[in-house]
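Assemble the complex: chain A is given as a structure, and chain B must be docked to it using the hints.
Chains A and B, in that order, give the protein sequences.
When we follow the numbering used here, the leftmost residue of the first sequence carries the number 1, and every step to the right adds one.
When we follow the numbering used here, the leftmost residue of the second sequence carries the number 1001, and every step to the right adds one.
Some hints here could point you the wrong way.
What the hints assert, rightly or not - Straight line, CA to CA, 16 Å or less: simulated EDC-like cross-link-like pairs of lysine to aspartate or glutamate:
#	chain 1	residue 1	chain 2	residue 2
1	B	Lys1002	A	Asp41
2	B	Lys1084	B	Glu1307
3	B	Lys1334	B	Asp1373
4	B	Lys1002	A	Asp21
5	B	Lys1109	B	Asp1075
6	B	Lys1296	B	Glu1277
7	B	Lys1339	B	Asp1319
8	A	Lys27	B	Asp1123
9	B	Lys1002	A	Asp55
10	B	Lys1002	A	Glu57
11	B	Lys1002	A	Glu58
To be verified - Footprint (simulated), chain B over chain A, 3 or more residues, beta carbon under 8 Å:
#	region
12	5-12
13	24-37
14	41-54
15	57-64
Unchecked claim - One side of the interface only, derived from the structure: several residues of chain B facing chain A at Cβ under 8 Å:
#	residue
16	Lys1002
17	Val1012
18	Cys1064
19	Tyr1119
20	Gly1142
21	Phe1143
22	His1203
23	Val1207
24	Gln1236
25	Ala1268
26	Ser1357
27	Glu1359
Keep in mind that the hints were calculated from the coordinates and are not lab data.
Positions of the beta carbon are idealized from the N, C-alpha and C atoms, including for glycine.
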Amino acid sequence: MCLAIPALLIEMIGADQAVVDLGGIRKQVSTALVPDAVVGDYVIVHVGHAIGQIDPEEARRTLAMFGELAGATPALETQP
Amino acid sequence: MKYIDEFRDGGVAQKIATRLRDEALPERQYSFMEFCGGHTHAISRYGITELLPANVRMIHGPGCPVCVLPIGRIDLAIQLALDKGAIVCTYGDTMRVPASDSLSLVRAKARGGDIRMVYSATDALQIARQNPGREVVFFAIGFETTTPPTALAIRNAHREGLANFSVLCCHVLTPSAITHILESPEVRQYGTVPIDGFVGPAHVSIVIGSAPYEHFAQEYRKPVVIAGFEPLDVMQAVLMLVRQVNEGRSEVENEFTRAVTSEGNLTAQALVSEVFELRTSFEWRGLGEVPYSALKIRPAFASFDAERRFGLGYQPVADNKACECGAILRGVKKPTDCKIFGTVCTPENPMGSCMVSSEGACAAHYSYGRFRDIPVRVETGVAA
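So that you can see chain A by itself, here it is in the shape it has in the complex (with noise of 0.2 Å):
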């Protein structure tokens, strides 16, 4: 229920509406609830309203973290 789906913002449509660009399928959104969003940025998209928004060095940080756990591991597997 509580899905929603990262979507690229590709084009504003008037104050709160805009388009969405979800692996190729384009989707009208509104826009009403992230009045800060710009095209470029990468919406969550629920029920057809974005509800928020990726921060891109937040999501690089996390998958950073995973990557650095994949290095640390054998590393950790030595100890006691």
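Below, chain B without anything else, positioned relative to chain A:
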């Protein structure tokens, strides 16, 4: 797709699993509740249960809005369509939820009720504009994620002066439900669930932020890790919970920083509080009456409140006696503990609410896990 595929990498999942096995202390048991149905679905769909060490158990929580919607509420929506002649618009998820008299919204539609599935509250608003001579009711369900779009629809209808649109509001709140699981009097009836920590909601937290869980983590001494709905997010959150337990910490941590901030979406919060106020009590299927756990429409928007507009009175209805949804929603029982799981009650013909939504604990286990319970027998030496 960007921000999805990279969070589903199987190789990285294995690495996190190795780390988890290293860090989970063999002498103790860990039980974590994932509150959200979205997490329940991810855990079943991506086989996360198999990647976790044997002493780490996930308990599926009640965070599936369809599953916790009581029969009496669906009865109200059916009543609006069949008795009041209204066009009832609803999300697809609610269509097959079993109601009284062997009905459901989809069966009521077959009986002639004008019930329409919509993707968005905005679509319901459009139907109201197109049918000025008919009453149009949006049957609104969902947690904090889904509430702001409903609030927006009501505010826009108010601005437009749309006279034939109203909302049957069944929006519920996450933090009060988590609290209720830990301290409700029914714990005596169902027994207690040993919960060492919670995987906190993903998209609910985009709206409400991470701050509302702080009080809860401190007061109940339970760690909370907010996590995204992708499999790597869930694995990482479980690892973070294991670390908190091992270090004796009870903090709110945020794994989903790419979308969740401490304060949440303030625009959405302002809109929700403009349109809605707290109900003193609301019945949840499986949890019973939970104080201050749901929203109702403020008096300023009273003409858009279907309950007032049609003078609806809520009548609680008991669940099917054989159904174990109540205990399953609290994590006290597993789907396979229910006598009718997979036999009488299936996703095609659900008896209980946990089987209706793909996010329900029963439906998730039926779709992705039921063959795990059957021992594999390998026959050798017999030519076919």
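We went through each hint and held it up to the structure:
1. Only pairs whose Cα atoms come within 16 Å are accepted, and Lys1002 (chain B) paired with Asp41 (chain A) is accepted, the gap being roughly 12 Å.
2. Under the criterion of a C-alpha separation no larger than 16 Å, the hint pairing Lys1084 (chain B) with Glu1307 (chain B) is consistent with the structure, at around 12 Å.
3. Taken as a hint, the Lys1334 (chain B) and Asp1373 (chain B) pair is honoured in the structure, with Cα atoms around 12 Å apart against an allowance of 16 Å.
4. At roughly 11 Å between alpha-carbon atoms, Lys1002 (chain B) and Asp21 (chain A) fall within 16 Å of each other, so this suggested pair holds.
5. Pair hint Lys1109 (chain B) plus Asp1075 (chain B) holds up; C-alpha atoms about 13 Å apart against a cutoff of 16 Å.
6. Restraint check for Lys1296 (chain B) and Glu1277 (chain B): the C-alpha separation of about 5 Å stays at or below 16 Å, so the hint holds.
7. Taking the CA atoms of Lys1339 (chain B) and Asp1319 (chain B), the gap is near 15 Å; set against the 16 Å cutoff, the hint holds.
8. This hinted pair checks out: Lys27 (chain A) and Asp1123 (chain B) have alpha carbons roughly 14 Å apart, not beyond 16 Å.
9. A hinted pair counts as satisfied when its Cα atoms are at most 16 Å apart, and Lys1002 (chain B) with Asp55 (chain A) qualifies at roughly 13 Å.
10. At roughly 14 Å between alpha-carbon atoms, Lys1002 (chain B) and Glu57 (chain A) fall within 16 Å of each other, so this suggested pair holds.
11. The suggested pairing of Lys1002 (chain B) with Glu58 (chain A) holds, with an alpha-carbon distance near 14 Å, which does not exceed 16 Å.
12. Only when three residues or more bring their CB closer than 8 Å to a CB of chain B does the claim for the region 5-12 of chain A stand; here the count is 3, and the claim holds.
13. With 5 residues bearing a CB less than 8 Å from a CB of chain B, the region 24-37 of chain A meets the requirement of three and the coverage assertion stands.
14. Against chain B, the region 41-54 of chain A contributes 10 residues with a C-beta closer than 8 Å to a partner C-beta. That satisfies the three-residue criterion, and the hint holds.
15. By the rule of at least three residues with a Cβ nearer than 8 Å to a Cβ of chain B, the coverage given for the region 57-64 of chain A holds, with 5 such residues.
16. The interface hint given for Lys1002 (chain B) holds, since its Cβ lies 7 Å from the closest Cβ of chain A, which is under the 8 Å cut-off.
17. The interface hint given for Val1012 (chain B) holds, since its Cβ lies 5 Å from the closest Cβ of chain A, which is under the 8 Å cut-off.
18. The restraint placing Cys1064 (chain B) at the interface with chain A holds, with a minimum CB-CB distance near 6 Å, inside the 8 Å limit.
19. With its C-beta approaching chain A no nearer than about 6 Å, Tyr1119 (chain B) sits inside the 8 Å limit, and its interface hint holds.
20. Interface restraint check for Gly1142 (chain B): the shortest CB-CB distance to chain A comes to about 6 Å, inside 8 Å, so the restraint holds.
21. Checking Phe1143 (chain B) against chain A: minimum C-beta separation of about 6 Å stays under 8 Å; hint holds.
22. Because the beta carbon of His1203 (chain B) sits about 5 Å from the nearest beta carbon in chain A, less than 8 Å, this interface hint is met.
23. The interface hint given for Val1207 (chain B) is met, as the beta carbon of that residue sits about 6 Å from the closest beta carbon of chain A, less than 8 Å.
24. At a threshold of 8 Å, the smallest CB-CB gap from Gln1236 (chain B) to chain A is about 7 Å, leaving the interface hint in force.
25. At its closest, the beta carbon of Ala1268 (chain B) sits 5 Å from a beta carbon of chain A; the interface hint therefore holds under the 8 Å criterion.
26. A hinted interface residue such as Ser1357 (chain B) counts as satisfied when its beta carbon comes closer than 8 Å to some beta carbon of chain A; here the least separation is about 7 Å, so the hint holds.
27. Contact between Glu1359 (chain B) and chain A, as hinted, is supported at the beta carbon level, the nearest pair being about 6 Å apart and thus within 8 Å.
The structure shown violates none of the earlier numbered hints.
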